[in-house]
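Q: With these hints in hand, go ahead and build the complete structure from the sequences.
Taken in order, the sequence shown gives residues 19 to 340; the numbers are from my numbering.
Worth flagging that the hints you see were computed from the coordinates, not collected in a lab. Do not rely on the hints blindly, as some may be mistaken.
Derived pair list, reagent style BS3-like, types lysine-lysine, alpha-carbon separation capped at 30 Å [what the hints assert, rightly or not]:
1) 35 x 60
2) 204 x 144
3) 144 x 63
4) 120 x 63
5) 63 x 134
6) 144 x 319
7) 120 x 319
8) 63 x 107
9) 255 x 204
10) 26 x 53
11) 134 x 60
12) 319 x 275
13) 53 x 63
14) 134 x 107
15) 107 x 319
16) 26 x 63
17) 60 x 144
18) 26 x 60
19) 120 x 134
20) 60 x 120
21) 144 x 107
22) 144 x 53
23) 144 x 134
24) 35 x 107
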Amino acid sequence: MDFDDLSKDERNDALAKIADLYYNQQMTQIEIANKFETTRFKIAKLLQDARDEQIVEIKINYSNARNHALERELTRAVDMRLSIVADTKDATFIEGLYELGKLGAARLTELLAASKQTTLGITWGKSIQSVIEQLLPMTNHEVSAVQMAGNFDSSRPTSESRELVRTAATIYFGTAYYLNAPLYAKSLATRDALMHEPDIQRTLSQASSLDVVLTGVGATASLPLHNPSFACYLNEKDHSANDFYPGSLYGYVLNSKGEIADIELNHHLVAVPLNDVLRARHKICIDLGRNKAPIAALVAKSGPINEIVTDAETASLMLENG
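A: What follows is the structure, given as structure tokens:
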């Protein structure tokens with residue numbers, strides 16, 4: 019459809035239809051674009067036009083199902099700048115994931131709206147995908163979305179870092195910065211060569227001025243040390259290590275103090291340097307699942323994150339582990 023050739027009334031009707039498909043019928047921007055034989059970028063722009071022209075009005079009803087008492091307790095216990103705790107009692111995992119995504123999207127929107135120019139770092143995972151999928155288009159905000167670590171094979175390609183970066187950049191009509199490399203390099207020489215590639219240097223340069231970082235945490239079971247796909251990157255010492263590694267963050271395997279573990283695998287990681295990550299003012303962790311509570315409590319206290327969005331059960335377990 020050529021929207022530029024429509025009359026004012028026809029265009030308003032088309033905008034109303036697109037808004038209905040997106041907000042009420044839960045169609046994706048790509049599905050709507052296919053229906054109207056146009057591009058996703060055009061649909062995102064038209065959705066913003068519908069808001070700007072008040073064809074669609076969005077009323078945000080903040081959830082009353084937040085556990086404010088747990089939020090205050092968690093903030094004090096692990097020295098968070100901000101804790102947001104969803105009271106997802108009796109909710110399924112999928113329902114809890116959706117609620118965390120909604121709260122995370124609201125927090126991210128609040129931060130982005132406060133600045134005309136923002137550099138947003140994004141990792142990967144289902145919790146981050148839930149946040150990105152619930153973001154609303156915004157104009158007049160220059161957002162640069164940065165991939166925090168390299169690529170790896172996943173059974174859920176929609177939750178991969180590259181796809182989430184692309185989606186966020188599209189929603190905000192911003193610029194996507196990718197790390198076009200594998201998550202690990204086979205040798206240190208290869209890793210160093212990759213980090214000096216001009217395309218990757220461009221991304222790392224942008225990442226040196228991160229404002230907001232959106233991340234999840236990896237529990238022990240999901241560590242690359244236990245993943246056969248990464249076995250070829252482990253040396254004999256890493257294979258035989260008996261040390262306990264409680265989880266991972268930003269792609270790095272952590273030790274029992276929440277610091278980057280002294281293992282060879284971490285030196286082969288193709289990722290934004292941790293010092294650049296830590297300079298970001300807002301380091302937001304989206305955390306759901308009792309298995310992730312120990313590592314979430316650890317990194318909250320050790321400093322690599324300073325804001326958390328989680329559910330009541332996980333928050334309670336974090337307090338026990340803290």
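Q: So, for every hint listed, does it hold in this structure?
A: Structure-based check of all given hints:
Restraint check for residue 35 and residue 60: the C-alpha separation of about 14 Å stays at or below 30 Å, so the hint holds. Note on residue 204 and residue 144: the hinted pairing holds, with a Cα-Cα distance of about 27 Å set against a maximum of 30 Å. Taken as a hint, the residue 144 and residue 63 pair is honoured in the structure, with Cα atoms around 26 Å apart against an allowance of 30 Å. For the suggested pair residue 120 and residue 63, the alpha carbons sit about 22 Å apart, so the restraint of at most 30 Å is met.
Of the pairs offered as hints, the one joining residue 63 and residue 134 holds, with about 18 Å between alpha carbons and a cut-off of 30 Å not exceeded. Distance hint between residue 144 and residue 319 is fulfilled; the C-alpha atoms sit about 24 Å from each other, no more than 30 Å. For the proposed pair residue 120 and residue 319, the alpha carbon gap of about 25 Å is at most 30 Å, so the pair holds. A hinted pair counts as satisfied when its Cα atoms are at most 30 Å apart, and residue 63 with residue 107 does not qualify at roughly 37 Å.
For the given pair, residue 255 sits about 15 Å from residue 204 by alpha-carbon distance, which is consistent with the 30 Å threshold. Only pairs whose Cα atoms come within 30 Å are accepted, and residue 26 paired with residue 53 is accepted, the gap being roughly 21 Å. With a C-alpha separation of about 22 Å, the suggested pair residue 134 and residue 60 falls inside the 30 Å cut-off, and the hint holds. The straight-line distance between the Cα atoms of residue 319 and residue 275 is roughly 9 Å, inside the 30 Å bound, and the hint therefore holds.
Our distance criterion of 30 Å between C-alpha atoms is met by residue 53 and residue 63, whose separation comes to about 16 Å. Straight-line distance between C-alpha atoms of residue 134 and residue 107 comes to about 37 Å, which puts the hinted pair past the 30 Å bound. Distance hint between residue 107 and residue 319 is fulfilled; the C-alpha atoms sit about 26 Å from each other, no more than 30 Å. Restraint check: the Cα-Cα separation between residue 26 and residue 63 comes to about 17 Å, which is no more than 30 Å; the hinted pair holds.
Under the criterion of a C-alpha separation no larger than 30 Å, the hint pairing residue 60 with residue 144 is consistent with the structure, at around 27 Å. Our distance criterion of 30 Å between C-alpha atoms is met by residue 26 and residue 60, whose separation comes to about 18 Å. Taking the CA atoms of residue 120 and residue 134, the gap is about 22 Å. The hint holds against a cut of 30 Å. Note on residue 60 and residue 120: the hinted pairing holds, with a Cα-Cα distance of about 24 Å set against a maximum of 30 Å.
Distance check on the hinted pair: residue 144 and residue 107 sit about 20 Å apart at the alpha-carbon level, within 30 Å; holds. At roughly 27 Å between alpha-carbon atoms, residue 144 and residue 53 fall within 30 Å of each other, so this suggested pair holds. With a C-alpha separation of about 28 Å, the suggested pair residue 144 and residue 134 falls inside the 30 Å cut-off, and the hint holds. Restraint check: the Cα-Cα separation between residue 35 and residue 107 comes to about 36 Å, which exceeds 30 Å; the hinted pair is violated.
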